[in-house]
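Novice: Assemble chains B and C onto chain A, guided by the hints.
Chains as they are written, first to last, in the numbering used here: chain A, 13 to 285; chain B, 13 to 285; chain C, 13 to 285.
It cannot be assumed that every hint is accurate.
Copies of the same chain look alike in the list, so a pair counts if it works inside one copy or between any two.
What the hints assert, rightly or not - Only pairs whose alpha carbons sit at most 20 Å apart, straight line, appear in this in silico DMTMM-like list of lysine to aspartate or glutamate:
{"id": "1", "residue 1": "K276", "residue 2": "E89"}
{"id": "2", "residue 1": "K85", "residue 2": "E67"}
{"id": "3", "residue 1": "K93", "residue 2": "E67"}
{"id": "4", "residue 1": "K85", "residue 2": "E22"}
{"id": "5", "residue 1": "K273", "residue 2": "E243"}
Keep in mind the hints are simulated off the structure, nothing from the lab. Since the model is a prediction, treat every value here as computed from it, not as a measurement.
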Amino acid sequence: MTTSASNVAEILATLRIRQPLVHNITNYVVMNFTANALLALGASPIMAHAVEEVEELVDISGALVINIGTLSKPWIEAMFKAGVHARSRHVPVVLDPVGAGASRLRTDTARELLRRVRPTIVRGNASEILALGGGVGGAHGVDTQHTVAQARQAAVTLARTYGMTVAVTGPEDYVTDGRREARVRNGHARMARVTGTGCAATAVTGAFVAVAPDCFQAAVAALVVFGLAGEWAAQHAQYAGSYGIALLDGLDAITPDNVRKDAKFDVAEVVEK
Amino acid sequence: MTTSASNVAEILATLRIRQPLVHNITNYVVMNFTANALLALGASPIMAHAVEEVEELVDISGALVINIGTLSKPWIEAMFKAGVHARSRHVPVVLDPVGAGASRLRTDTARELLRRVRPTIVRGNASEILALGGGVGGAHGVDTQHTVAQARQAAVTLARTYGMTVAVTGPEDYVTDGRREARVRNGHARMARVTGTGCAATAVTGAFVAVAPDCFQAAVAALVVFGLAGEWAAQHAQYAGSYGIALLDGLDAITPDNVRKDAKFDVAEVVEK
Amino acid sequence: MTTSASNVAEILATLRIRQPLVHNITNYVVMNFTANALLALGASPIMAHAVEEVEELVDISGALVINIGTLSKPWIEAMFKAGVHARSRHVPVVLDPVGAGASRLRTDTARELLRRVRPTIVRGNASEILALGGGVGGAHGVDTQHTVAQARQAAVTLARTYGMTVAVTGPEDYVTDGRREARVRNGHARMARVTGTGCAATAVTGAFVAVAPDCFQAAVAALVVFGLAGEWAAQHAQYAGSYGIALLDGLDAITPDNVRKDAKFDVAEVVEK
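Only chain A is shown next, with the shape it has when bound in the complex (with noise of 0.2 Å):
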């Protein structure tokens, strides 16, 4: 199946059509931000985390998104217990291991989801992506102090371990599942001035595989109307707290047109170096 801009354009169509509902357990942090981001891109996002609600919320869901940003006992096993269900209910699920490697409690939480989850999707920096899949990672905090390219081989045995698709984001995207990688270009500098821009490409990623059956597919579309409304917002705002808030228009501004014209990502086959 080729991944082309139209592609992308139609994935952005049918979503802004069918409003998927998008059901995140994620980090305080974030909570707003991305549930705006949903809303903004046309989604229906809803925030529930108790054990005794995320099953019958990931019933009525189109996809499922855990986010690790903010953890603690209670969270934890809720997303054990939402991210089981969704799969043995074909409900996609998107991890966003933030943190990994800063500290143990993220980098076991996030390889046991892994494991007994089975994500369709995991999007991370280049950091966290290197924590799951080997022994380095992040020693900074949140952010990166990696380069994609240094993920990339993380990233494709992460893929075929665990049959999904998992998404490095940063100054050029790296999509692969282990078969296909694609290199996203749309974005902009500032984005890394917002807290919480890479858990709401994450959000986003959950309301496209909710339209699209082909989850490689789906992450590199989200990844570029995401990218697209950050070049969006950094033509509206210079600064970092109203550039957040641009961040937001920008999901809501770009339409299919926009993204046939603009999108920026080439697609090919994984070869062994």
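Specialist: Coordinates of chains B and C only, in the frame set by chain A:
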């Protein structure tokens, strides 16, 4: 007692002078947004959920707002403790049954809060009010699947059963205390593109009921002013992200004179059909 | 050691180069806003509260910020664990005693944190500092009921008792380490219309103390830069919602040259009255 645009304008003027303290036990997603809505309006928010302190904070507050948007066991315990205490001290309680109908936990908690706390005002969307009043209700997360008109009878019945005011918000808002009913036509469709606008309407209702002895009037006044803020925002912001910020600006910008000039609502006796 | 506008400008320049990691155990309401404040300023925020990971994250952080704005038992445990560990590793600790005086839980927790953690810097409003220092204190939620001048003696006494720097913010800020005192006149009245500006000032203080060895200077520098951001914002936004965003923009926009030109503060020896 009549409810005119002048009444609403006077209540707003009183609120701005008295700056009531509003105690919120609310969900993680909207805490920042609703605190900012209360501050922008001219009230003083406090967010607190520890069972050890909720009673003390109720004692110094003009109203208590309970919002079940991200429930869990310890929070439910705090909601009951604060709610029962508030009623015993004649502090008005406003309930937002976010997602009632979408999970048993939410539906059961909201109904139990009605029974044991007997809120002064309940503010929800049509699906949530239907879920509280009967057996049907929301099934698509936290966004409504029903029209306000469909929820009218449930609202009247709930208001009479519990001796409270019920506000159903939507394209046109409906408010009833079982005897009187109001239809509020202020507002803008863009409000549904921002997370927490319903929750903010509930918090703002808390500020109004803290200064207006007539609960029905307080709910009408809150929805008129909130709707006017939404209209103001629509003149200043086109896209979802900046619209949310402009809505806060609108709560700050709207004056009693704006209310006298632009309030759009009708009040009537409830007529059985 | 003197503290001049040039010192403050140099500390800001250092902060922008070193981009210190600031670990925050803070309240739900302001997590997003304070993380964005730190990013906009040029620091790197991490929010984490699990007892299983706080020590590891302290080890990689330049400062720890503890904010008691939405307390509960598990969070209190994490605050003590992280705080005691930080002091043992010589990582500076900044405490924000949000709402001290408004409930016993808050007052007792804040006082116990002073005793057992011995923070490097405490930043609060006048009511909170009075509640920590004596018996009187805030009684209207989280907003101050006292003037900064009323809290001066309590601040000096607290600073000497615990060997720390105390910052009292208000229309004019007051900073003392028990020997020196500073009055900072940067800032704008509109800052009080946005939730979490005090909390953001505390977080920003964490970033400054991570790079400035003199804690008194760090606190003065933080409040000067934060106040200048507030002034910058007042030139760009009239109403509460957009003012909060413009405040973040201001933290991004303010340069060391702006500091040299517009810093408004005096430093003196503490003279007993």
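Novice: Give a verdict on every hint.
Specialist: Here's how the hints hold up against the structure:
no.	hint	result
1	K276 x E89	neither (39 Å within a copy, 48 Å between copies)
2	K85 x E67	both (18 Å within a copy, 16 Å between copies)
3	K93 x E67	within (7 Å within a copy, 28 Å between copies)
4	K85 x E22	neither (40 Å within a copy, 43 Å between copies)
5	K273 x E243	within (13 Å within a copy, 34 Å between copies)
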